[in-house]
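For the first sequence, full-length UniProt numbering assigns the number 1 to the initial residue and increments by one for each residue that follows.
It is worth saying that the hints were derived from the structure and are not from the lab.
Certain hints may be false.
[Said to hold, decoys possible] Calculated pairs, DSBU-like style, for lysine-lysine (alpha carbon to alpha carbon, straight line, at most 30 Å):
1) K288 / K756
2) K236 / K316
3) K316 / K71
4) K131 / K475
5) K316 / K68
6) K491 / K68
7) K475 / K491
[As the list claims (entries may be wrong)] Distance windows between CB atoms, simulated:
8) T119 / R499: 27 to 35 Å
9) G429 / G151: 33 to 41 Å
10) D633 / R499: 28 to 36 Å
11) D635 / R502: 42 to 50 Å
No residue lacks a Cβ here, since even glycine has one placed at the ideal position from N, Cα and C.
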Amino acid sequence: MLFEDPTPLVAGLNPEQAAAVTLPPEHALILAGAGSGKTRVLTTRIAWLLQSGQAGPGGIMAVTFTNKAAKEMMTRLTAMLPVNVRGMWIGTFHGLCNRFLRAHHQAAGLPQTFQILDTQDQLSAIKRLCKQHNVDDERFPPKQLQWFISGCKEDGMRPRDVVVRDDETRRKVEIYQLYEEQCQREGVVDFGELMLRSYEVLRDNDPIRVHYQRRFKHILIDEFQDTNRLQYAWIKMFSSPHTEGLPPSGNAVFAVGDDDQSIYAFRGARVGNMADFVREFQVKHQIKLEQNYRSASNILNTANELISHNSRRLGKNLRTDAGAGEPVRVYESVSDFAEAQWMVDEMKQLEREGTPRSEMAVLYRSNAQSRVVETALFNAAIPYRVYGGLRFFERAEIKHALAYLRLLENPHDDTSFLRVVNFPPRGIGARSVEQLQDVARSSGCSLHDAVSGVTGRAGTAIANFVALLDVMREKTEAMTLKEIIELVLDKSGLIEHFRNEREGEDRVENLEELVNAAESFVMQEGFGRDAVALPVDEHGSSLSQSPVSQGLDPDAPVLNESLAPDAETGETLSPLAAFLTHAALESGDNQAQAGQDAVQLMTVHAAKGLEFDCVFITGLEEGLFPHENSMSDRDGLEEERRLMYVAITRARKRLYLSHSQTRMLHGQTRYNMKSRFFDELPEACLKWLTPPQPAWAAAAPSVGGWQGGRRGLYATGGSPAANPAWSPGFLSTGSGTPPPKASEPDRGVDIRTGQKVFHNKFGEGKVLALEGAGADARAQVNFSRHGVKWLALSVAKLTPVDE
DNA sequence: CGATGACGAGCGGTC
DNA sequence: CTCGTCATCG
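Please model the entire structure based on the sequences and the hints provided.
See the structure below:
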């Protein structure tokens, strides 16, 4: 029974997938292209390991980046075979770190009920710190300090590890140090700290490390290309390929990733981890999954051709058995408004042809672009859903409620204290709070404990607030989570405050939804009926138990991240503490309209991992996509190209690429060239819906036939050879007269978009766009000191600047 | 103390 | 343009 024939699991897999699933227990790197069945391989691998008896649930650790991916893995796994998911460590990096630190909080030097700061909390903690230490926020903007601190942690560096070369860095490191002390004092950890602290516990604590190395025979990692330095080092701790003086751990790391889909370098991801992994772990098995099951070949070839323009790839080419399918449609509009209108018209047509709205997605490079699309959809009464706004647990009213709840758990959480000390307003102003902070600082205690040191009217008001908290804490002691939250919402005055607010209905609704969220959390985590956490067996043996018999809904698998008992005492967290952890680690969904059949709007980043029948990639313009901040260096540009690759590979059947000649951005109309990425796509796969023409031709009366070629009279960085010859067939309704081939405009100056130039009056700037020819040639330049300007090249002297 | 207006800045975003 | 932060007035 335990050693069933694995064939059914592997049946239906292609040879590469099957090979990956059934690899021997040794380190392996799976290069899994977009749509190649990556998640399937990962989950089938786990199922296979379990079913063949090579590992028990307790011997497996599987790490992902998002809760969504972790959930999907669990859902698929439980569908494949009955398994006790609770015994397994499947979750996000941070979720698993949390679980680890709760269990080893003493070794980590943390209170067991430590609170987790999300990005917002972290920023406000830093702001508070800066104010207290009189940090010049002109020279050291809190956002930048946050970036610095997170960056240090992502690289595994404590303040003492940072190499200080200049005074600015010295000061930043000082603030980093102070920030750490503040967090430690308040018993809070940020996301980076979850990773770094658990890494250090593993590194410095031989028995703990050895324990986990022996326990986890198989470590599986999803989206390996997105790991940062610290995450890589963390994984190494669990597998420790070369620990001196210790026997080989004998476990296997199974890493799945795609270097072509690495789009998070900006937040510390290191594609280089893939190569490092192969070298340092002496990886014996590398398998490429190149068979794509998602897209028609016109779409796939478009993606392949684009990404082939990147250097430094591990090398991979997706193939498909699907037919050519429809050509990739390219549309050029006059304005962003027209672009949106055209999309709406196409969507209506698609809908008539039977495409569900939820199978249509609009992808854009930056969030600001969603507005014009939303307006058009709204006016056309087409339901839509925007991803990427504030999520449930990030909403202000929810954060306020959570702050009260956190103060019940930990009165010394100053961040939460400050958030709600005067919210709803209760007459405690900035002055009173400052007094309180002064007292707290001089006596080295928390704000909560400093209250007795403040005298006068301010003191009374604050004392009342603290008393309110204390009363709430006392009253809620024996309550269920639901009752606690209801009491807090009531006694804090939050509900009433938002009831009286002009447009506070949504907020009241959200607060009521918080009660529901807590209820369903309690149900899922099993706090209600069997309050005891399931025993975690060392090497797992509960294969025979079906998930149903454990009262788990297979459709709603749980992460079980907050239930880890204390390693020594076996004590588990209270439902409230567990819920607060859940709120911090899982920020929740962002829209309530999820159920409706709606067109999906999101950034390309947010689209990673998703797929749709029809995809619109919009705003394909120089400066926008590729984004101007990424255009100057090769790495930045290559990441933009990977981003475009991710966008293209989201589409199954139909793909639209559009760009606009003009676009409202930052309140002014910008003239953008079409994206250079168009020049990197295979002509044979494309179909141009609009006659190629330069911007000015749209405004000026046509002089018979089209002016200019596909590139119009725009200048580009490419050589004339990069300009593909016009060929019949890429016009949807060819009029029979091919346009004359484009000639490079004669400007007499060798400048191109993206280039840095120097102007005698305005200084240094970057060329955003070029327009016109000869005497009319103009350049749009973004000067670092003087902003964006249009300059006539016949007048202005622009000197190219070498970088 | 708390609500309203000027002002400046503006990629991507999981946990 | 549009949001978030700061400064001033009631």
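Broken hints, by number: 1, 4, 6, 10
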